[in-house]
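Trainee: Given next are the chains, with one letter for each unit.
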Amino acid sequence: MLLDRIGKDLLIFDGAMGTQLQEAGLRAGDIPEELNIDRPELIISIHEKYLEAGADFITTNTFGCNELKMQESKYGYRDMLRAAVSNANEARKNAGREHDAYIVLDIGPIGQLLEPMGTLTFDEAYDIVLSQVETVKDDVDAVLFETMSDLYEVKAGILAVKEHTSLPVFVTMTFEQNRRTLSGNDPVTFVNTVQGLGADMLGVNCSLGPAELGPIIEEILSVSSVPVMIQPNAGLPCLEHGETHYHVTGDEYARLMQGYLQDGISAAGGCCGTTPEFIRKLKAAAPKKAAPRKIEKKTRVSSQTKTVTFGDRVIVCGERLNPTGKKKLKLALKEERYDELVSEAIKQDEAGADVLDVNVGLPGIDEPETMKHVVKLLQEVITLPLQIDSSNARAIELACRYYNGKPLINSVNGKDEVMEAVFPIVKKYGGVVIGLTLDEGIPLKAEERFEIAQKIIAKAAEYGIGKEEIIIDCLTLTASAQQKEVKETLKAIEMVKKLGVHTVLGVSNVSFGLPNRPLLNRTFLALAMQAGLDLPIINPLDRELMGTIDAFHVLFYKDIDSESYIRNQSNTAETKTAVQTEFPLHDIIIHGLKEEVEAKTRKELEKKEPLELINEVIIPALNVVGKDYETGKIFLPQLIQSAETTKKAFEVVKKCFSAGANEEKGPVLMATVEGDIHDIGKNIVKVVLESYGYRVIDLGKDVKIEKVAEAWNKYQPKAIGLSALMTTTVVSMEKTIQRLREEDCTCPIWVGGAVLTEDIAKNIGADYYAEDAMASVALLERII
Amino acid sequence: MIKENALKYLGHTGQQITDEMESLLDECIREVKQVSQPKAVSRRFELFGALPQIKELGLSLPGDQIREAFLQCSHCLFIGATLGVTLERKVKYYEKSNMTKAAVMDAVGSAYLEAYCDEYEEGLGYPNRSYRLCPGYGDIPLSLNREIARVLDVGKTLGVTLTPDHLMIPQKSMLGLIGIGTPERKKQCGQCVMREDCVFRKRGQRCY
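Protein sequences, first through last, are from chains A and B. Quick note on my numbering: the first sequence kicks off at 1 and runs consecutively. Quick note on my numbering: the second sequence kicks off at 1 and runs consecutively.
Please note that the accuracy of each hint is not assured.
As the list claims (entries may be wrong) - Which stretches of chain A does chain B cover? Using the computed rule of at least three CB atoms under 8 Å from a CB of chain B, they are: (1) 114-120; (2) 466-472; (3) 537-548; (4) 617-626; (5) 679-690.
Unchecked claim - In silico BS3-like links for lysine-lysine, alpha-carbon gap of 30 Å or less: (6) A/Lys594 to B/Lys96; (7) B/Lys90 to A/Lys347; (8) A/Lys704 to B/Lys90; (9) B/Lys8 to A/Lys306; (10) A/Lys74 to B/Lys8; (11) B/Lys8 to A/Lys594; (12) B/Lys3 to A/Lys647; (13) A/Lys455 to A/Lys445; (14) B/Lys3 to A/Lys655.
What the hints assert, rightly or not - Not everything, but these chain A residues come out facing chain B in the computed CB check (under 10 Å): (15) Glu72; (16) Asn178; (17) Ser207; (18) Asp702; (19) Lys704; (20) Thr727.
Please keep in mind that the hints were generated in silico from the structure rather than gathered at the bench. Note that beta-carbon positions come from the ideal geometry of N, C-alpha and C, so glycine has one too.
So here's chain A without its partners, still in its complex pose (with noise of 0.2 Å):
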């Protein structure tokens, strides 16, 4: 078997298959997979040499054997990939090898970039590998995601192979020199998430020699308790005449591979410009079997950029987003404003937190969906991992499914109705999980608390859930209400700490019903912290709580030289009283300082009625920033300046309004039309038509035609704004506008972007056509 073998035998690879078919006159641009078919006795006899030098695996030649990339092929993608695999047979059956030698399905990049920062969708992503993978899987041995950049186009792979095979499936990914992969990936990330999701096998190939690949390969080495591979170039790629050569020849590269082979590699192989020879000499000088590693297994939670590490000093989970006892963050959840979801991250993130606590549940909502949609935003965005926070394992689940990294699940308790629930979400996805010390009510005692984290720790380990990816919650209680249990929560943090676990807590429960909450919150962090608390859940926008933290670590030497202290501490006389200029509240506007806004706003609002200040300052001012834009005495940045910062002021304004009254205008919808990746446009109309009060509903960037007639049904806009770049996808505004018009939409359609004249706009049947953002507030000032 080979998983038997895995992780203990050294097992070879093949090298580069692309390097034997240039020799062989495959020209740049031709399609290598088509060779399957129509010369297949050439794959086959590169496979036999690759296996006689020694191979224990040989791929397929399948690199972009994909729907997508062979759509411009003479082939089905298909066929191609049964001749591959068949060529791959055949050629193990001529060397004999049929019980020792095994084929892997190799499967490249597809090719097309994932959203958020690509066009295609993740289940798209995932369908494409399903269809490959249920082609051929009957045949090959395992499956191998090699020179993969993108982390979250990996994990949909993964889930294609797992939840259909039962198929080993091997993951390397691809490292430039900056130690990261193209997409921004790290090493110690990409273990932590692939490890997570049951890769069997996961290294690195390509890009790089042997020599170069070094700190990637020790660091990876160093923190994955999965077998890992490595598939190197022969040596860095040089450029003569418009080709690609590399100079490092067989018996180089396996001197510089031994290194690798005695420190704990599981399997070896080549890339670009690797030969037979190479791991005919590789196979030489390879042991027999992998070297034993001994790794440190600690408690790791990523994005798909970074990832936090527990332990090394107390990590910070902002809890804002969460609509418990919020009312704004509650109403725009209601209705549908995520944008202010994202802001809040952004302050969060920029107040220092380090983990931010999702939580949307609310009466009324669709969870699972609303979940699945929050993540997804945030994460184009924020570059901090999520916690996942629910009490509804299906919102759970979705989350988890389309989270990029190894996402920190809040949480389940000592129920075994929950755990029953979440444990296999946590196990299939790869998550780290919040135990609450909790059953059937919250035990009074710290020893209780502790018996049900020992019941949560074992429960998970029948699910194959270790010690370091479990966080045990042992449940701040009122001071107010349980003044003599306080205590009890901070002897248990000491002794759940003793069963190997990391702790968190939600601080500022203990402070219900008291005075001066935050004196009472910091000191419980203090104590906490002291403790063992490695987790707390905070406001990081509380400068003293942050603070706290700060000193916690310097006193407890984790923040060595007192390095982060003093940059953090150092200036906070300072941003207390930042400079305030003398401004009124009409130039403020028109100079765009939206730092002072605020609180000039809610100075005006002392003496003035909140619809006094809007008709008699804020629109005469924006008024005059609209004619010195158009006049031509300001420019493009300007004009979104002055327009952000009246978005401010009207925030501070519409706190005074009482329920129900509503200022806004509109709403309009507004879509940068399907196949146009390029939206920087329109928001900023959206931001200009925002400060006149317009409430925008913003639909995004490549907005599918079915969507934009969703969305006029839905909410019966009263205009819709369309916008697109380039003029092969003004074809695909027509079809918008036709799709709307069918929908009976009655409301103006009014389009705008750089290839779009007033003529363009008329042929395909759009009401108006405006040329900026500016001439768009004139023209809904004047049709709404």
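Please arrange chain B on chain A, whose structure you already have, making use of the hints.
Mentor: Relative to chain A, chain B alone:
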């Protein structure tokens, strides 16, 4: 040059630049340079005939623009460059938190990409060359992006991918062609296919 071009892309036509705007520009230039991971690749091919053709690829280069620009060229270069995906992510971040900065970052990114491409091109050592011609310009079909992308294998070498409509991701990327062997040819505003509708020209500016 980066600052001047960025201002041009932002529609600046001589308005007074406040101190705040000046420092925002400087900050964005610093940040764009810091988060960009500029990378470029190129490959040279021999040209045949007036069409012209690249026999090695079995490819005829389409359109009048290329034919005219490559008239005296013996070879052509396929060239690809990008500033990487991290910059794109950063601009997205600012679009949600500081739209003014996002717009300036975007313009600075475009200017930086141009400057980087110029520098890369200069370093290739072909003094007698045409200017860069990119798919989407004039009668060069956008779909030629796909050919260039495949030949240069930019997914693997640069991390640049194309959408089904042939648009590049990350957006601050470039795929293009340069003719070699011609006496050096500079861009000429008056001969540009965009001359009738060009916003820069209307403002009395040049795009280059």
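Trainee: Going through the numbered hints above, which ones does this structure break? Give me the numbers in ascending order.
Mentor: 2, 3, 4, 9, 10, 14, 19
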